[in-house]
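Student: Take these sequences, add in the hints, and give me the full structure.
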Amino acid sequence: MMYRAQKTLPFFSSVVKNVASPNIEIKKLVYIYLIHHAEQEPDLALLSINTIQKSLSDTNPQVRALALKTMSGIRVPVISQIVSLAIKKGVADMS
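In the UniProt record's numbering, the protein residues as written are 1 to 95.
Read the hints as simulated data drawn from the structure, not as lab findings. Mixed in with the good hints there might be a few duds.
Distance windows between CB atoms, simulated [claimed, not checked]:
no.: 1; residue 1: 75; residue 2: 10; range: 35 to 45 Å
no.: 2; residue 1: 10; residue 2: 92; range: 32 to 42 Å
no.: 3; residue 1: 7; residue 2: 92; range: 39 to 49 Å
C-beta: ideal position from N, C-alpha, C; glycine also.
Tutor: Below is the structure:
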């Protein structure tokens, strides 16, 4: 839907609620959606940052990498300090 020029922004809050899903495939889709729409809904995007930060400590290295990629892709200036700290932590992760 996003890539066929259909308006998906009205679903933002409903989609972002799934950011805490334990299913990695759903997480991937939500993260893609979040990166794509965070600039239009910065306040709602900020609500998901805490959950994404928790994913940075997940036991699965794929989930950690995906969370770091997503946080660094969200273009909301308020989180730049958080992203910087997450990148520093990610650099030290050898897995």
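Student: Are any of the numbered hints broken by this structure? If so, which, sorted upward?
Tutor: 1
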